[in-house]
Amino acid sequence: MTPPLLRVDGLRIELDSGVPIVEDVSLEVRAGEVLGLVGESGSGKTTTALALLGFARAGVRIDAGAVEVDGEPLTGRGEAAVRALRGRLVSYVAQDPGLALNPALRIESLVGDMVRTHAQSQTGGDVARALASVHLPTDRPFARRYPHELSGGQQQRVAIATALVCAPRLVVLDEPTTGLDVVTQARILEEIDRLRRERGVAVVYVSHDLAVVGSLADRIAVMYAGRIVEEGPAAALLARPRHPYTRGLLGSVPDPGRPRRLESIPGVAVGVGERPEGCSFAPRCLQRTGDRALREMPPLEDVGGGHRVRCFEWALTPPLTLEEPAVPPGVDAEGPLLLVAGLRAEHRGRHDTVVAVRDVSFSIAGGECLAIVGESGSGKTTIARCVVGLHSPTEGSVVLDGTPLQPRAARRPREARRRIQIVFQNPNDSLNPRHRVGDAIARPARVLRDLPQRDAHAEATRLLERVRLPARIAERYPGELSGGERQRVAIARALAAHPDLVVCDEITSALDVSVQAAVLELLAELRVELRLALLFITHDLGVVASIGDRVLVLEDGAVCDDGPVAALLREPEHEYTRRLVESAPRLPRLPEVA
Amino acid sequence: MNVARLRFVRTPAGLVGTVLLAAVVGIALLGPFFAPYAPDEPVGVPFSGPAEGTPFGTDFLGRDVLSRVLWGGRSVLALAGLATLLAYAGGIAIGLVAGYSRSLLDPVLMRTADVMLSFPALLFLLVLVTGAGTSKAVLVLGVALVQMPLIARIVRTATLEQSVRGFVEAAVARGESTSAILRREILPNIAGPIAADVGLRFTYAIILVASVNFLGLGLQPPAADWALIISENRGGLTLNPYVILVPAALISLLTISVNLVGDAIARSLGISTARRRLVR
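Going down the list, the sequences are from chains A and B.
4 is the number of the first residue of the first sequence in the working numbering; add one for each residue after it.
-2 is the number of the first residue of the second sequence in the working numbering; add one for each residue after it.
There may be inaccurate statements among the hints.
Said to hold, decoys possible - Covered stretches of chain A (in silico footprint by chain B; criterion: 3 or more residues with CB under 8 Å from a CB of chain B, positions within the stretch not fixed):
1) 391 to 405
2) 410 to 419
3) 432 to 446
Please keep in mind that the hints were generated in silico from the structure rather than gathered at the bench.
Glycine included, every Cβ here is placed at the ideal spot set by N, Cα and C.
The task is simple: from the sequences and hints, build the whole structure.
See below:
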């Protein structure tokens, strides 16, 4: 067997204050191999990825351990010595190419600068070869473009071309497809797979998305609270996860191929500086029998076949069983609750008008969940805004229970405003940072239901319980909550109006997978308990599969496909739907639904 | 929050500023109680140097400089303070409305502000005073009007930023009134950038009030006022320098300390001065 190209040994990274971010990380990657580094926010995966280049962000330092690429140490050396190796021996592709590429430089300079830094040779040919290797045009007009003149996918290819131009032995990719739509993501993943096969580069692929990593990686390392909790061959790890966290994470990933009930991990991920003694996952662990894990950190134990697990009781971890999705609650038979007909909406700029939505019609029955799927720019959010009265359509009507509604919320009768509520995409943004959680939830009850102050606050407390949050959170400000908690508060605020329909605009897209699973679980339960109808807007087919009854596929502002979720995902008819379904990353090696 | 409000004192600049400001404001407010003479009482030969009983000598009418300085701070503080308050009341209202309206009102208000900004402040004040006569009310109103467009601009930018946020849209979808949205949802969230600027605005108001008084277009003799004292005694600079130096030093200390405290507060709120300068 070839010796490993990347060797990381006992890596420990901490804040300048001495608080550890990453502890005891050891890894090996061989040439031509892809290692998937998986973790949720705060797990230390990006910090680890940067350390592979011998780099630590300001305020952070590599405290102990060694990183070695092809025999060259990258830690414990002077900055100048390491800098000469970055780009030539190891290179890095950042998450957001829109931010990583200097907007003032042309493509040829972006790629060419890398060559000039490491070899004082002519760069024209190298740049063209690098662009060709990621399937970008190599003609001069393209090379003279600026990053903002490219699409997100092309930008990411330029970033990858830049990383590859000096033929490094190891490429570290940090969530390279997170901001891209599924079709582009599928192409980038193909590109990475081809490069490692053809060039034999070693790849470390950092992601929060097990499905993406599962489709590409040879080996997977799962990080939780700054440590690797499980590491092994991708197939073995996905088929039979041994760490309860990995198992929970797998249970949280929605799969467009197989609609199923998601299983979330209870509790909240621990942040840097609040890690408990012993196993960091122990407080959330459901299968823990003794309290040994509360005192001692378990070692990474080999369970055979190069599969290592950091758990005392890994043998007890049950195999992941997949359950059928909850039976959707009965849908009201009488006329539709909401009817949208011939909707057309435009965004007027100073110089031009963009048609965001054209001739969209749909209906939602009481208690039904209609999902709207589309890529960014397909007009799905505009539809949501038209329904709640934040955007005035140019044509078409929104009809609630047989009564046509005014375009703007302020003109609608109060009863109509009460019956339709919205939850927004960004949890950091949807709650006023200066209002206490309790006040935020109580407000709709006061304004829309005329509850007196005291009753409204009692209602807020009750609703917090309903969205599975402790009642004491009512006294907190949104800044003190995690993203998932904030999104629950936003849901509670919507429920405070006693709505019949809740419009959910990408409400899980800013959340970690396990948090997303918990929010989806909650929504599914609330639907049954409160007989809520949902208009669920998302770009993620997997999410649709786990919550939607019917789905509307949107392309370029127009409906191109619609039908029951299961049928449409199993046998997509429309060409665009088929492309979406095929590009969606899915867990290849999950056991069948029981 | 209370801790955050007081955190600015802990920085060296904040501490120095706070101590200086307290001293100067103390002199201005409490000075009259300690003044040995009435401000308009002649006690000796004009422009005589420091002597027993008159530590800073006398002015051009033979009045005690110390007494006049102790009496002369209140007008500066009161006029500049009132003008700043008025400027903020108007500026915040205009900025909120312009930033939130998304109608023709926004360009109309903002272009008017731009026109006002294109006049040099002193020229504007001189024209106003010439037209409307010299009175305290005109002075306060004039200084407020000079400041208002800048404040309105900052408030408008901050409002624009907030008005597209989810919680504001949620309030719109609830059908809340515009005034409730401005007051409950937006104003509390733009308090930071507004507060960051108060020090600078107050400093500027002090300088403007002092300048106008110095030019003789604000307060009229025999009122005791630091700027007026400098103005009416400038002929005697060589005979008794204290009559100029002491009030000039106090005005300088006041503006410097207000600025130091304002900056320290802004920094403790996490707002960089660089960004403020850009907005200006």
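> Of the numbered hints stated previously, which ones are contradicted by the structure, given in increasing order?
Replying inline: No hint contradicted; all consistent.
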